[in-house]
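Chains A and B supply the protein sequences, listed in that same order.
Each position in the first sequence, counted from 1, maps to that position plus 36 in the working numbering.
Each position in the second sequence, counted from 1, maps to that position plus 10 in the working numbering.
Hints are computed from structural coordinates only; laboratory data are not their basis.
Since we're looking at a predicted model, the values are computed, not measured.
Check before you lean on any hint, since a few could be wrong.
What the hints assert, rightly or not - Capping the alpha-carbon separation at 30 Å, the derived lysine-lysine pairs in DSS-like fashion look like this:
{"id": "1", "chain 1": "A", "residue 1": "K86", "chain 2": "A", "residue 2": "K202"}
{"id": "2", "chain 1": "A", "residue 1": "K86", "chain 2": "A", "residue 2": "K73"}
{"id": "3", "chain 1": "A", "residue 1": "K202", "chain 2": "A", "residue 2": "K137"}
{"id": "4", "chain 1": "A", "residue 1": "K137", "chain 2": "B", "residue 2": "K115"}
{"id": "5", "chain 1": "A", "residue 1": "K86", "chain 2": "A", "residue 2": "K211"}
{"id": "6", "chain 1": "B", "residue 1": "K81", "chain 2": "A", "residue 2": "K73"}
{"id": "7", "chain 1": "A", "residue 1": "K73", "chain 2": "A", "residue 2": "K211"}
{"id": "8", "chain 1": "A", "residue 1": "K73", "chain 2": "B", "residue 2": "K115"}
{"id": "9", "chain 1": "A", "residue 1": "K137", "chain 2": "B", "residue 2": "K77"}
{"id": "10", "chain 1": "B", "residue 1": "K77", "chain 2": "A", "residue 2": "K73"}
{"id": "11", "chain 1": "A", "residue 1": "K73", "chain 2": "A", "residue 2": "K202"}
{"id": "12", "chain 1": "A", "residue 1": "K73", "chain 2": "A", "residue 2": "K137"}
{"id": "13", "chain 1": "A", "residue 1": "K86", "chain 2": "A", "residue 2": "K137"}
Claimed, not checked - Covered stretches of chain A (in silico footprint by chain B; criterion: 3 or more residues with CB under 8 Å from a CB of chain B, positions within the stretch not fixed):
{"id": "14", "segment": "66 to 74"}
{"id": "15", "segment": "77 to 83"}
For glycine and all other residues, C-beta sits at the position ideal for the given N, C-alpha and C.
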Amino acid sequence: MRWRSFIPLALFAALAVALFVGLDLNPRIIPSALIGKPAPALDLPPLPGKEPGLVAARLRDGEPTLVNVWASWCGPCRIEHPQLMALAEDEIIRMIGINYKDRQANALRFLAQLGDPYEAVGVDATGRTSIDWGVYGVPETFILDGAGRILLKHVGPIREEDLEEKILPAIAAAKRGTEP
Amino acid sequence: MRTMKRGFFLPLLLALFLPLQAMAIAFDVEQLADPAEEARARDLMRELRCLVCQNQSIEDSNATLAKDLRKIVRQRIEAGDSDAQVRQFLVDRYGEWVLMRPPFKPATLALWLGPVLLLAIGGVTLWFGIRRRKDPQQAPPLSAEEEARIAALNRDP
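Just chain B, with the same shape it has in the complex (with noise of 0.2 Å):
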């Protein structure tokens, strides 16, 4: 009974969770005739950052800009344009914000390495912190007024 429960269930949810994928991308009429063309400009828009709704990609956008863009994006596969070449022709006209994933140079080098160093100082700290807890010289000796208060509280009352 209960394999049987989990054999329908689970093809189920995964079934409700179909229709969100597949509307999460804006849909084209005119699209490229050579579906590895086609492929490859779908590729561009993933990482071509729309201006209207920021932090979507042109692929997944639904305003009109983004509709133009992919437009443009199409156009520019079709005329013959390298990948890096439709990139940059964006870039050109809206700068590297367009790009979701932004190029590494000095100015993003505290965006790229940020992350990694906040990681590392916090392991650097964790990892001394562990170490100095451990450490079994943390508590200074005792005084002799201590170890003679120590005798006197364990001698036999």
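This is chain A alone, in the form it adopts within the complex (with noise of 0.2 Å):
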């Protein structure tokens, strides 16, 4: 019975295997309960000069949207700024903002420095609508389908890895009106 002895090895190295594997994940990203399923309601007034508004029926109109929720006060939204431009200068998804609890001035005076990549921004200053998103901080992005089903949500800000990993397979999925 000479493998008996063997046994507290191998329960060592499957915990530190599992603990290593752990030390990896990232707590703070909460799988997204609303992948798959139909965007929420969106029916938010529009940014000063920036008519019109949201509403969800434009989300079904079968051309994919990303849905990006920003503020003027968030300073990881700044870093994620260029990707977000980017997008936009390629023309290669219809981008929409969701301004969170932010004032008007400082949202539009963003827009104004930093470039404006949305066709249409939203304005939740109650946060009631991105909590209707499941959302729980800013920034975070939403890839919908034609359908205007969710296919991918994003925590945090873009990076440009992020962009090459993440967003533009899920961009390229939601045009052909596959999963990603």
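Mind docking these for me? Both chains are given alone in their own frames, and the hints should help you get the complex.
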């Protein structure tokens, strides 16, 4: 019964591997309950000067959409903004913004200074609509297919590598009408 | 003297902990008018996880999102929702992650039964370990040669 003496070693190795893998997981990222489901209601007034606002019906018109939740007071939103601008300049996907708990003047200044990638921006002053979308911090980004189903949710700023690894593949899937 | 000291110190010690208890709850100005409904809302808030400060419930978190979620819990209760409906409202948006007490289902089997299983394995290991140690037949019987050596050692010098 020599093999029995290896049980503690095997248990230790299994535990070590499990914990090592755990080190790499980010507990801040909460899996979204909305993947594969139709996008929640979205009826928001526009930022002044950026009419019209947002209505959910437009998300189901057959064209894929990127929905970005942002605020001028949010630092990481500034980090991801160049990536959003790049997407907009290449006209890769229709992009709309949800302006989360912001002052309108600040929001407009943010867009004037850093560029405006959005086709439309809805103002979510109370954060209530964002809660329906399962948002728990800004920025968050959703990719919707033409039927208005949520294919991908990205929590936190879109870094350049996220663009290549997550966002663009999801957009491609949304255009093909398949799962990412 | 001794008893007097204790009679004074114990209440003082307990009193020192009172403010801590009070501060562990986030305070909302707007509460439900009906105390029974407010109590129900509070019980629910204790069972809902704050998504920003992840190991706090929305009842004791001061994050703005927790505040917004508390408001929603009160609104739902005022609108006549059952406890299960309020919970489902948040699960629909944030997933089962938002429940402090995860439901018992195949995906959470390891979570619920893991500790019991580990305890059982430990108990069985311990039981066998103790039994083996007590077992008088552990040592093999002495050989004839060994018996002869003991007899030789025991002989008077």
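Structure-based check of all given hints:
1. For the hint pairing K86 of chain A with K202 of chain A, the CA-to-CA distance comes to about 29 Å; that is within 30 Å, so the pair holds.
2. Restraint check for K86 of chain A and K73 of chain A: satisfied, since their Cα atoms lie roughly 28 Å apart, inside the 30 Å limit.
3. Between K202 of chain A and K137 of chain A the alpha-carbon distance is near 27 Å, which keeps this suggested pair within the 30 Å criterion.
4. Between K137 of chain A and K115 of chain B the CA atoms are separated by roughly 37 Å; this puts the pair beyond 30 Å, and the hint is violated.
5. Restraint check for K86 of chain A and K211 of chain A: satisfied, since their Cα atoms lie roughly 26 Å apart, inside the 30 Å limit.
6. Proximity of K81 of chain B to K73 of chain A is assessed by CA-CA distance (about 25 Å); at most 30 Å being required, the pair is judged to hold.
7. For the hint linking K73 of chain A to K211 of chain A, the alpha-carbon distance of about 17 Å falls within 30 Å, and the restraint holds.
8. Restraint check: the Cα-Cα separation between K73 of chain A and K115 of chain B comes to about 22 Å, which is no more than 30 Å; the hinted pair holds.
9. As the CA atoms of K137 of chain A and K77 of chain B are separated by approximately 14 Å, the hinted pair is consistent with the 30 Å bound.
10. Pair hint K77 of chain B plus K73 of chain A holds up; C-alpha atoms about 27 Å apart against a cutoff of 30 Å.
11. Between K73 of chain A and K202 of chain A the alpha-carbon distance is near 19 Å, which keeps this suggested pair within the 30 Å criterion.
12. Only pairs whose Cα atoms come within 30 Å are accepted, and K73 of chain A paired with K137 of chain A is accepted, the gap being roughly 25 Å.
13. For the proposed pair K86 of chain A and K137 of chain A, the alpha carbon gap of about 17 Å is at most 30 Å, so the pair holds.
14. Taking a C-beta to C-beta cut-off of 8 Å, the segment 66 to 74 of chain A contributes 5 residues in contact with chain B, enough for the three needed, and the coverage statement holds.
15. Interface restraint, the segment 77 to 83 of chain A with chain B: violated (0 residues with C-beta to C-beta distance below 8 Å; minimum three).
Violated hints for the displayed structure, listed by number in ascending order: 4 and 15.
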